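Start counting the sequence shown at 40; every next residue gets the next number (our numbering).
Worth flagging that the hints you see were computed from the coordinates, not collected in a lab.
Please note: incorrect hints may appear among the correct ones.
[As the list claims (entries may be wrong)] EDC-like mimics (lysine to aspartate or glutamate), calculated; alpha carbons at most 16 Å apart, straight line: (1) Lys-171 x Asp-137; (2) Lys-176 x Asp-137; (3) Lys-92 x Glu-157; (4) Lys-208 x Asp-266; (5) Lys-208 x Asp-137; (6) Lys-208 x Asp-222; (7) Lys-176 x Asp-266; (8) Lys-61 x Asp-209; (9) Lys-92 x Asp-143; (10) Lys-208 x Glu-167; (11) Lys-61 x Asp-266; (12) Lys-61 x Glu-246; (13) Lys-61 x Glu-191; (14) Lys-208 x Asp-143.
Note that the coordinates shown come from a computational prediction; the quantities given were computed from them, not determined experimentally.
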Amino acid sequence: MQKAIKKVTPNLNTTELAIGGKCGGQFSNVWLDMVLIFDSTTAVGRDGFSRIKAQMSGYVRQLSISTGSGRHTRLGLVNLGSVAQVVASLDHFHSTNDATTALDGMSYLGDTTINHEEGLLKARDLFETAQKRDNVKKLVVLLTAHQVDCPEIITEGAESACRAAASLKDIATLLTVSLGNHDTPTPPLYSLATPCFAATNRDLNFEDLLLSVNCFCEGQRWLQFQDGCVRHNDCVYLHESTTDFESAQHHCSLQHRRLAYIGDAQKNSFVNDIASRYNVQSFWIALEITTSYWGRWDQAGFVNIASRYNVESFWIGLEMTTPYWRRWDQTGFFYYNSLYNYNNFHVISE
40 MQKAIKKVTP
50 NLNTTELAIG
60 GKCGGQFSNV
70 WLDMVLIFDS
80 TTAVGRDGFS
90 RIKAQMSGYV
100 RQLSISTGSG
110 RHTRLGLVNL
120 GSVAQVVASL
130 DHFHSTNDAT
140 TALDGMSYLG
150 DTTINHEEGL
160 LKARDLFETA
170 QKRDNVKKLV
180 VLLTAHQVDC
190 PEIITEGAES
200 ACRAAASLKD
210 IATLLTVSLG
220 NHDTPTPPLY
230 SLATPCFAAT
240 NRDLNFEDLL
250 LSVNCFCEGQ
260 RWLQFQDGCV
270 RHNDCVYLHE
280 STTDFESAQH
290 HCSLQHRRLA
300 YIGDAQKNSF
310 VNDIASRYNV
320 QSFWIALEIT
330 TSYWGRWDQA
340 GFVNIASRYN
350 VESFWIGLEM
360 TTPYWRRWDQ
370 TGFFYYNSLY
380 NYNNFHVISE
């Protein structure tokens, strides 16, 4: 789940290592179970309905659409007005051409009202009735010109669309795209969407949003590093056993993994939060002492950690306190000197 690390030799001008990074990749390689819900009311209009269909069709043409298992996207379609019309289930399209042909052929309903609740419930039904696929994320894209305001806490008295969205977000990501024009812009539906997944047709970065949904950690104990709305390709796991540093390295290598790297203050807080969650006071990461002033990231290169030198390569938040202890700025202490074979430290790997 992480980018390759380039080895460097130690010197006072050592730069930060390229550890981890934002989720990315090729949009054409995305594999999801995705349901598109189209607002087909007079608020969008016939021309607007045609435009948004064409925009979505352009994205779908770049994806590998099929059914069954495998690394491809399954696509469901819902045409939404006063009632929700299921155009296609997730097990319907066998090719990208089939999907775009059906999408392009969807009819404009021209209803004056919209039933968001029914549209969202239909999407959930499509997921529940489809053939099951392991390790495939679910995504609903609601394209609408109507506003929905949901309270922070959803209760029985909340609007029906809010309750339906809350239920749907238990199993899927809900991406809302507010449809408007230059004269009547529509604000994003922040309260309805999954956090970080409310957009408008004027600022829609559809490819990046789908790549973000498609970037995830497999397994319940693997936790993904996320800085605000930016997901990173770092999956971190806290092992239950305690061990010395060299054994920790060996244990990780046998599983084709490695000890955790900490590249900035946000990643440091993330790792410490995981340790606190499981009430772990001490843990190994990939940094070990090599001399009095140098630390080495496990098989990755060197970085100067001497706080007495004012060098650009000084690692964020890390300072020397004694020859064997290091402190991350205001977040606590941990011991990582591999010269001493203590065996009461947990392992954090990624």
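Hints and how they fare:
no., hint, result
1, Lys-171 x Asp-137, "violated (21 Å)"
2, Lys-176 x Asp-137, "violated (22 Å)"
3, Lys-92 x Glu-157, "violated (20 Å)"
4, Lys-208 x Asp-266, "violated (21 Å)"
5, Lys-208 x Asp-137, "violated (28 Å)"
6, Lys-208 x Asp-222, "violated (32 Å)"
7, Lys-176 x Asp-266, "violated (20 Å)"
8, Lys-61 x Asp-209, "violated (25 Å)"
9, Lys-92 x Asp-143, "holds (6 Å)"
10, Lys-208 x Glu-167, "holds (13 Å)"
11, Lys-61 x Asp-266, "holds (9 Å)"
12, Lys-61 x Glu-246, "holds (14 Å)"
13, Lys-61 x Glu-191, "violated (29 Å)"
14, Lys-208 x Asp-143, "violated (28 Å)"
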